[in-house]
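> For the protein sequence lines, the chains are G and P, in the order given.
Mapping of the first sequence onto my numbering: residues 1 to 296, in sequence order.
Mapping of the second sequence onto my numbering: residues 297 to 603, in sequence order.
Some hints could be false.
Unchecked claim - Derived pair list, reagent style SDA-like, types lysine to any residue, alpha-carbon separation capped at 25 Å:
1. P:K383 <-> P:L356
2. G:K69 <-> P:L356
3. P:K383 <-> P:Q361
4. P:K420 <-> G:G33
5. P:K299 <-> G:G33
6. G:K69 <-> P:A454
7. G:K69 <-> P:Y455
Simulated from the structure, these hints should not be mistaken for laboratory data.
The structure presented is a predicted model; accordingly, all values stated were derived computationally and were not measured.
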Amino acid sequence: MSSIGDSLQESPARHLPRSPWLLAANQLRRNRGALIGLAVFLLLLTLTLLSPFITPYDPVKMSATDYLKAPSAAHPFGTDRYGRDILSRTLAGGRISLAVGLVSVVIAALGGTVLGAVAGYFGGLADGVIMRLVDVLLAFPGLLLALGIVALLGPGINNVILAVGISGVSGYARLVRSCVLAAREELYVEAARATGCHASRILWRHMLPNLVGPVIVLSTLDIAWAILTASSLSFLGLGAQPPTPEWGAMLNEGRGLLVEAPWLTIFPGLMIMLTVLSVNVFGDGLRDAVDPRMRG
Amino acid sequence: MLKYIVRRLMVSLVVLWGVSTLVFGMMHALPGDPVELMLSRSGGSAATIASIRQQLGLDLPLYVQYVRFLGNTLHGDLGRSISTGMKVTDMIASQFPATLELAGAGMLIALALGLTLGMIAALKHNSWVDNLCVVISVIGVSMPIFWLGLLLIQIFAAYLHWLPATGEGDLKHLLMPALVLGFSSAGSIARLLRATMLDVLGQDYMRTARAKGLSEKLVVLRHGARNALIPVVTMAGMQAGFLLGGTVVTETVFSRRGLGQLTINAILWKDFPVVQGAVLVIALVYVLVNLLVDLSYGLLDPRIRYE
């Protein structure tokens, strides 16, 4: 009896419309691959964030007695030509590599969202100018555009962040413009306009919440691209400068000693691949959960 | 069709004008004088700096420089290198074939590997073969190309001595760089083909084709693959940009000659006319490839009409 009573009491709640976020979270929860991806990424993030407290050695401190030591109990990832511990450098380098990836994606997402929203909402000249600029940016291969910007600004990690961020703007501008174009004709926007809302308020308060989903999905997938691009620039000697540990820069330092000390390149590269792999797998799951139509 | 081609060409020309303007603007937005920056290492005298500035036309007002730059670019003149004094077009012409060879070979590997993996994964859906293909594809898109390059050098050059680690000239020298460059794009192509092929395999016309008694091979290749290929062709066009950008890194890893090496050295030496020229040429190739991709849709799918 009690079970019938319980189910009768529960039934109205069951039929309540559920928020798309809740549906997406449920969908995501069922995707084992995406959850593993998220767990691995969070683990790597935690390890790199805690690196100042958990690294066994100072990542930039040289030691003449520990020159090019192979992996051992004292140095699980070995040491480099200056006697620096590779495990400590890999963990410390992760902070920089992940920060570069995350911050540059935030720059790209913010810049692209503002440009796309203005182009889509106001149309006309603003749309024409912004979208032609986006077309021009899209005419450059991503890495090459970032390379050109670093050439202009000069080598350095901050300039790499900016360069990767600017290179990613066009994707968000196109996505947000198409979303705003579709939303502009919706009843809620018309109603807000009829009540005398200012354009900036309509965009910020009414349209933005609907753009968050697609932008977050694209951002997640872009983190992988940003980490790869930024580490490529560092590998080319245009990003982090010695002695700062960064995964791409560490690979650049180790490539002259491929035969004598393969551990110099194996571990930082493995970390880049694990990070990008985990973000890609999670990003795919998130995309499928939020909007299966975006599946590509 | 002709009208569409002309319109598409016009759009490409406008984009290229925008690209050249942006490149010109970027190079001139640099704080300080490029010649002074360039000669700061060798410590050139004020007279030398003034003479080079005059030679390169950098003493002229910006709008004159811009008009001159556009006119010269249209005539195929990309200026002279600050460091060597050579014509930028000559420098690019001497390096471009090597880059084109590498990017072309990378694209062939990407298509061969990507189409095979994607097709097998779709046809063996939900099996261990499918899972294996998906894992290889995801690893492909997640692996930094410079790391893969270093790993392959360690295995095939340093330990097995099967392939040369660096240099160029024959197929043996090309194999590793092309594989490294193509592997990532292969992952992207395979993932997309698998998804579109799975979509196509469930369509009614596939069932009709089977009901007509066509062989499975014919059903899959003629009715399935042809329909699934359109998004893949778009992806391949986008991957051309990735491959062209990737040559910069690959040429560095394998110490190969090419446009990428030329660009990196020009950036490090602050030789801006060379950077400007190389970036423009790569963007031009990328725009042309995407134009060809757009025009190929009609061949793949006769339902697509160019209006």
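> Are the hints correct? Go through all of them and say.
Status of each hint after checking the structure:
1. Under the criterion of a C-alpha separation no larger than 25 Å, the hint pairing P:K383 with P:L356 is consistent with the structure, at around 20 Å.
2. A C-alpha spacing of about 58 Å is found between G:K69 and P:L356, which places the hinted pair above 25 Å, so the restraint is violated.
3. With a C-alpha separation of about 17 Å, the suggested pairing of P:K383 with P:Q361 holds against the 25 Å cut-off.
4. The straight-line distance between the Cα atoms of P:K420 and G:G33 is roughly 19 Å, inside the 25 Å bound, and the hint therefore holds.
5. Pair hint P:K299 plus G:G33 does not hold up; C-alpha atoms about 48 Å apart against a cutoff of 25 Å.
6. In summary, the hint linking G:K69 to P:A454 is supported, as the alpha carbons are separated by about 20 Å, within the 25 Å threshold.
7. Distance restraint check for G:K69 and P:Y455: the Cα-Cα separation of roughly 20 Å lies within the 25 Å cut-off, and the hinted pair is therefore satisfied.
Consistency with the previously given hints fails for numbers 2, 5, ordered from lowest to highest.
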